[in-house]
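K.L.:
Sequence:
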Amino acid sequence: MAERLSTDPYKGVRDFYPDGWARLQAMFARIRGTLALWGYEEYNASPLERAELYEAKTSEEIVNEQTYTFMDRGDRKVTLRPEMTPTLARMVAGKRRELAFPLRWFSIGNRFRYERPQKGRLREFYQADVDLVGLPEGEADAEIVRLAAAVLADLGARESDFVIRINSRPLLDAACAAAGLSADAGRRYLRLLDKKAKMTPEAFDAERASLSARDPLAFVDDAGAAPAVAAEKKKLLDFIATLEARGAENAVFDATITRGFDYYTGMVFEVYDRNPANPRALFGGGRYDRLVALFGGDPIPAVGFALGDVTLADFLETHDRMPGIADGRPQLYLGTPREGDIPAAQAFADTLRGEGCRVFVNLTDRSLGDQVRDALKRGIPLFAAYGPEEAASGTVRMKTLATGEEAALPASELPVRLKAGS
RNA sequence: GCGGCUAUAGUUUAGUGGCAAAACUCCGGGUUGUGGUCCCGGCGUCGAGAGUUCAAUUCUCUCUAGCCGCCCCA
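Its first residue numbered 2, the first sequence is counted upward by one per residue in the working numbering.
The set of hints was computed from the structure by calculation and includes no laboratory data.
Mixed in with the good hints there might be a few duds.
[Stated by the list, open to error] Below, a list of computed lysine-lysine pairs in the DSS-like style, where the Cα atoms sit at most 25 Å apart: (1) Lys120 x Lys236; (2) Lys120 x Lys12; (3) Lys196 x Lys120; (4) Lys120 x Lys96; (5) Lys236 x Lys197; (6) Lys236 x Lys199; (7) Lys378 x Lys400; (8) Lys197 x Lys235; (9) Lys78 x Lys12; (10) Lys197 x Lys120.
The structure presented is a predicted model; accordingly, all values stated were derived computationally and were not measured.
Construct all of the structure, not just a fragment, from the sequences and the given hints.
P.N.:
So this is what it looks like as structure tokens:
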């Protein structure tokens with residue numbers, strides 16, 4: 002005898018029952034609304050990509066150990082997309098002669114990473130990727146950072162709920178060069194810097210000392226020490242001042258923000274929860290000017306950010322800002338006194354549906370009392386029985402379940418009432 | 001990949017080396033044209049496998065899964 006099949010979802014992924022899916026959709030609906038207001042258009046692509054797309058730009062460890070990669074039946078190496086940016090770069094490069102730059106594009110969908118699941122991290126998650134493609138650093142960067150703040154604000158977050166920490170890759174590169182770090186040591190230093198907030202100062206210094214005699218951050222702090230560092234720092238501080246002047250008042254300079262170390266070439270930022278109970282980076286982004294050039298042709302500069310559903314939901318819940326679920330539920334439960342009344346009830350429901358009303362018709366032989374209970378459990382706000390009496394009289398008694406009120410209405414007036422009440 | 005904790009009904013949890021419990025949910029009935037109450041009944045290989053034992057849901061080991069931390073985080 003075969004073992005019973007498990008009802009659990011695959012490791013690290015979630016089932017979305019209707020309520021859960023509605024919650025996710027409600028969250029992203031808000032985000033879509035904000036992005037539409039800023040002139041961003043939604044695009045999409047298959048989650049299946051050629052594995053080489055990621056091998057070209059990412060470290061070997063990530064591709065080998067942290068992606069879902071397999072051979073298809075035609076011996077093609079396939080990867081389930083772990084992020085959207087390479088796909089975006091591929092799509093942009095593929096139609097670079099036809100697209101109207103600058104592009105303001107976003108995409109919302111699932112991403113796959115083969116990792117050990119833990120708090121805030123799953124093997125499949127949903128993410129909104131927002132990008133402004135085709136403009137060099139300057140106004141585009143300011144728009145992207147302000148848009149990141151606007152997305153949170155439209156989700157109900159206050160400025161006091163989060164802080165935007167901004168840094169610059171050229172600044173870090175200049176500081177590493179000033180401290181005499183090799184390219185390899187610089188890369189390891191960035192990785193260390195990323196962890197600095199979690200370490201004791203002594204532990205940080207000890208590890209740092211193994212990479213260089215002087216801490217590159219010292220050059221960032223002491224602007225007089227290296228002209229190249231000073232120039233990059235001034236540029237970044239000017240940028241932050243611009244953001245403040247345009248209303249993004251919770252943007253601050255933070256020299257420890259590194260944002261990984263792969264394709265970023267300019268400004269990088271991370272949005273942090275200000276609540277001490279949830280001290281995580283919520284999301285981040287930055288400028289990547291060389292990615293599109295991997296597909297040939299002139300480089301196309303770009304700047305963007307990505308916002309995942311798991312950390313965002315944590316954030317909204319800690320601040321009690323989770324949007325109410327968009328209500329696509331039925332408005333009216335149409336009860337059937339006897340099983341034989343179902344065809345007439347469906348026919349009546351069809352006329353209501355024709356008016357745009359969401360109607361649930363009972364198909365069971367349960368008693369009307371049980372059907373009322375059923376409507377309550379399903380959260381359907383209105384109940385009406387439809388049987389021979391109603392068909393003959395053309396009058397329906399509609400009950401508002403929350404209050405118990407009943408109103409006898411001409412059948413033709415139901416759509417009006419449903420629209421008014423919804 | 002490494003480590004910690006956990007696993008008993010659909011859910012949340014008690015409990016015991018000797019007959020497995022409660023609450024809620026669900027299903028059926030009391031109650032065949034309209035409310036959540038109430039009453040009765042039903043729904044378990046105690047995560048899987050092996051070992052110790054007269055006897056294991058309980059003790060031991062292995063595995064699996066979940067949660068949490070490390071690594072990593074594009």
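K.L.:
For every hint, state whether the structure bears it out.
P.N.:
Consistency of the hints with the structure:
no., hint, verdict
1, Lys120 x Lys236, "37 Å, violated"
2, Lys120 x Lys12, "14 Å, holds"
3, Lys196 x Lys120, "18 Å, holds"
4, Lys120 x Lys96, "39 Å, violated"
5, Lys236 x Lys197, "24 Å, holds"
6, Lys236 x Lys199, "28 Å, violated"
7, Lys378 x Lys400, "15 Å, holds"
8, Lys197 x Lys235, "23 Å, holds"
9, Lys78 x Lys12, "23 Å, holds"
10, Lys197 x Lys120, "21 Å, holds"
Hint compliance for this structure: hints 1, 4 and 6 are broken, all remaining hints hold.
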